[in-house]
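Asks: Residue-level listing of the chains:
2 protein chains.
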Amino acid sequence: MDLNTYLKKKQKLIDGFLKAYTGGLKKQKECPALLSEAMSYSLMAGGKRIRPVFCIAAYEAAGGRSEEIMPVAASLELIHTYSLIHDDLPAMDDDDLRRNRPTNHRVFGEAAAILAGDALLTDAFGIIAGVKAPPEMLISVIRELTHACGPEGMVGGQLVDIMLEGKRAKKRELLYIHQHKTGTFIKGAIRIGAIMANASSAKLNALTKYGEKVGLAFQVIDDILDITGTPEETGKTTGSDIAKSKNTYPSLYGLKKSKEIAKGLINDSLAAIKAFDEKAEPLREIAKYMLERKN
Amino acid sequence: MDLNTYLKKKQKLIDGFLKAYTGGLKKQKECPALLSEAMSYSLMAGGKRIRPVFCIAAYEAAGGRSEEIMPVAASLELIHTYSLIHDDLPAMDDDDLRRNRPTNHRVFGEAAAILAGDALLTDAFGIIAGVKAPPEMLISVIRELTHACGPEGMVGGQLVDIMLEGKRAKKRELLYIHQHKTGTFIKGAIRIGAIMANASSAKLNALTKYGEKVGLAFQVIDDILDITGTPEETGKTTGSDIAKSKNTYPSLYGLKKSKEIAKGLINDSLAAIKAFDEKAEPLREIAKYMLERKN
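Chains as they are written, first to last, in the working numbering: chain A, 1 to 295; chain B, 1 to 295.
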C-alpha cells in the first residue's frame with residue numbers, strides 16, 4: 001500500500017466533512033459570524049488530521065466498512081483544535097504561530113479564542129450524538145472520549161505540563177505529561193475506531209496496546225522535532241520548548257536516547273497488532289512513518 | 001407546596017451527587033490534584049443549582065419518577081460552572097468575586113482556570129454517558145445540551161455580550177444576548193428534564209414555551225439585581241454591568257420597564273403550563289419566585 005495516497009484520501013474525506021460542518025455554522029443564523037469565523041479559522045488550518053486518521057485506520061483494521069465513521073473521526077479534530085486554541089493562549093503556552101499562521105487569539109482576540117475553543121469542544125459531542133449508528137455504540141464512544149480528553153486525560157496532561165514549566169520534571173512526571181497530553185487522546189481515537197467497528201475484546205485490547213505505544217511515540221517525536229525541525233517543516237515556532245524550559249524527552253534523556261525510545265515504542269506498537277490481517281496495513285505504515293515525519 | 005423546602009431538598013440531592021463526583025476526582029490518580037481542586041472549588045461554591053432544579057422540576061411535571069434524573073441534572077451544573085469560570089477570566093468579564101469568594105483564576109491562576117473549565121465541560125458529557133437510561137434517550141439529551149450550550153446557544157450569547165461591551169446594543173441584539181447567554185440553557189435544562197421523562201410532544205412543546213419565557217426572565221432579573229442588589233445578597237460584585245458598560249435591560253429600557261417585562265415573561269411562562277396538573281406546581285412556584293429573588 002502507498003501510505004501517502006491513503007493519508008491524502010482520508011484527509012480529503014475528513015476535510016470534506018469539516019468544511020460541510022463549518023459551512024453549516026456560517027449559515028446558522030443563531031451563531032455569531034465572528035464565532036464561526038474563529039472556529040473555522042483554526043479548524044480549517046490544514047492539520048495532519050492524524051487523530052481522525054488513526055480512528056478510521058483502527059476502524060478499518062477491526063473490520064469496519066461504513067461511512068458512519070467519518071463524522072465520529074472528524075469530531076476528534078474539533079477536540080484537537082479546541083485544545084490547540086486554548087493551549088496557545090497567553091496564559092498557557094503563549095504561542096504566536098500555529099500551522100504557519102498566527103494563532104487564534106492573535107487574530108480574533110483572547111475572548112473569542114477561549115469561546116471558539118469551548119464551542120468546538122461542545123460541538124464535538126453534538127456531532128457524535130447526530131451520527132446514524134446504534135445509540136449504545138455512540139454512548140460508548142462518548143464515554144471513551146471524555147475519559148481520553150477530560151481531567152484524567154488530555155486536560156490533566158496539559159495542566160501538569162504547564163505547572164512544571166521551568167522546573168526539572170522527574171522521569172515519571174514527564175511520562176505522565178506525555179501519556180496524558182497526547183497519548184491518551186491518540187489511544188482514545190484508536191479505541192473509538194475499534195468500538196465503532198464492534199471489535200471483539202481481543203482486537204480492542206490489541207488496538208489499545210498499539211494506541212498506547214504509538215500515542216506516546218508521537219509526543220516523544222514531537223519533542224525531537226521541536227529541536228531538529230524548522231518552522232517551515234513543522235508549521236510552528238521550533239525551539240520553543242527550550243526557550244520555555246519545557247520538560248521534554250530530549251531535555252531529560254538527550255536526543256540520541258530519545259530517538260531510541262521512540263523507535264522502541266514504534267516496534268512495540270507494531271508487535272501489538274501482529275495478528276491482524278492486511279486491513280491493519282495502514283496502522284502499521286503510519287507507525288513506521290512516525291519515525292520519519294518532519295511535521 | 002412550600003417552595004423553600006422543595007428547593008432545599010433538590011439542592012441537597014444535587015450537592016450530594018456533585019460531592020460524590022468531586023470526591024471521585026480527588027481519588028482518581030490520573031487527575032492532577034491541582035486540577036481536581038480547581039474544579040471542586042467552583043463546583044462546590046454553593047450556587048442555587050437552578051438549572052438542575054429546573055431540569056428535575058420539568059422531569060417531575062412531565063411524570064418522571066426515577067432517580068436517574070439526578071446525574072443528568074447535576075451534569076448541567078458542571079456546564080454552568082465551566083461557563084462561569086471562563087466568563088470570569090481577565091480576557092472575558094474580568095471578575096474577582098463570584099459566590100462571595102475569589103474567582104477561580106484569582107485562586108488557581110489563569111491556566112488552571114481555563115483547564116478546569118475545559119475539564120468540567122468534558123466531564124458533563126461523560127456523566128450523562130454513564131447514566132443508566134435508554135441510550136437513545138441519553139443521545140437526545142446530549143443533542144439538546146450541545147445545541148443549548150454550543151456556538152448557536154450559550155457560547156454565542158457570551159461572545160456577542162463581550163463584543164458589544166461599551167457599545168450601545170440595539171434591542172434585538174440585547175434580546176439575542178439574553179436569550180442565548182442564559183435563556184437557551186435554562187430552556188434546554190427544562191427540555192432535557194422532559195426528554196428524560198419521555199414527555200409527549202404536546203407536553204414537550206408546552207415546557208419549551210415555559211422554558212423560553214422563564215429563561216429570558218431569569219437574565220432580565222439578573223440585570224435588575226445587578227443594580228438593586230448588594231454584593232452580600234447576590235454573592236458577586238454588583239454594579240459591574242454599569243462599570244463595564246454592559247448592555248442590560250435596565251440600560252436600554254430603564255428599571256421600571258424592565259421589571260414590567262420580567263413580570264410579563266413570568267406570566268407567559270405560567271400560561272404555557274396551565275394545562276399541567278399539580279406535579280407542575282414546583283415549576284409554577286419557581287417562576288413566581290423569580291420576581292422576588294434577591295440572588
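One or more of the hints may lead you astray.
Just so you know, same-sequence chains aren't split out, so a pair can sit in one copy or run between any two.
[What the hints assert, rightly or not] In silico SDA-like cross-links for lysine to any residue, where the CA-CA straight-line distance does not exceed 25 Å:
id, residue 1, residue 2
1, Lys257, Tyr21
2, Lys209, Gly109
3, Lys203, Arg143
4, Lys26, Arg143
5, Lys132, Leu204
6, Lys209, Thr238
7, Lys48, Leu164
8, Lys26, Ala169
9, Lys263, Leu13
10, Lys167, Gly46
11, Lys27, Glu173
12, Lys26, Glu260
Don't read these hints as lab results, they were simulated from the structure.
Asks: Can you give me the call for lysine 26 and glutamate 260, within, between, both or neither, at a CA distance of at most 25 Å?
Replies: Neither way: lysine 26 and glutamate 260 sit 47 Å apart in one copy and 36 Å across, limit 25 Å.
Asks: Which holds for lysine 203 with arginine 143 at a C-alpha limit of 25 Å: within a copy, between copies, both or neither?
Replies: Classified as within; 19 Å inside a copy, 30 Å across copies.
Asks: Go through the copies and call it for lysine 48 and leucine 164: within, between, both or neither, with a Cα cutoff of 25 Å.
Replies: For lysine 48 and leucine 164, the Cα distance exceeds 25 Å both inside one copy (28 Å) and across copies (36 Å).
Asks: Measure nothing new, just compare the shortest in-copy and cross-copy C-alpha distances for lysine 257 and tyrosine 21 to 25 Å and report within, between, both or neither.
Replies: Neither: 43 Å inside a chain and 41 Å across chains, both beyond 25 Å.
Asks: What label fits lysine 27 with glutamate 173 when the C-alpha limit is 25 Å: within, between, both, or neither?
Replies: between (45 Å within a copy, 18 Å between copies)
Asks: Measure nothing new, just compare the shortest in-copy and cross-copy C-alpha distances for lysine 26 and arginine 143 to 25 Å and report within, between, both or neither.
Replies: between (29 Å within a copy, 19 Å between copies)
Asks: Go through the copies and call it for lysine 132 and leucine 204: within, between, both or neither, with a Cα cutoff of 25 Å.
Replies: Classified as both; 22 Å inside a copy, 24 Å across copies.
Asks: With identical chains treated as interchangeable, where does the CA-CA distance between lysine 167 and glycine 46 reach 25 Å or less: within a copy, between copies, both, or neither?
Replies: neither (33 Å within a copy, 36 Å between copies)
Asks: Is it within a copy, between copies, both, or neither that the alpha carbon of lysine 263 lies no farther than 25 Å from that of leucine 13?
Replies: neither (30 Å within a copy, 52 Å between copies)
Asks: When no copy is specified for lysine 209 and glycine 109, does a C-alpha distance of 25 Å or less occur within a copy, between copies, both, or neither?
Replies: For lysine 209 and glycine 109, the Cα distance exceeds 25 Å both inside one copy (40 Å) and across copies (36 Å).
Asks: Quick one: lysine 209 to threonine 238, C-alpha cut-off 25 Å, is that within a copy, between copies, both, or neither?
Replies: neither (30 Å within a copy, 54 Å between copies)
Asks: When Cα atoms must be at most 25 Å apart, do lysine 26 and alanine 169 count as within-copy, between-copy, both, or neither?
Replies: Result: close only across copies, 22 Å inter versus 44 Å intra.
The structure does not agree with the numbered hints 1, 2, 6, 7, 9, 10 and 12 stated previously, though it agrees with the rest.
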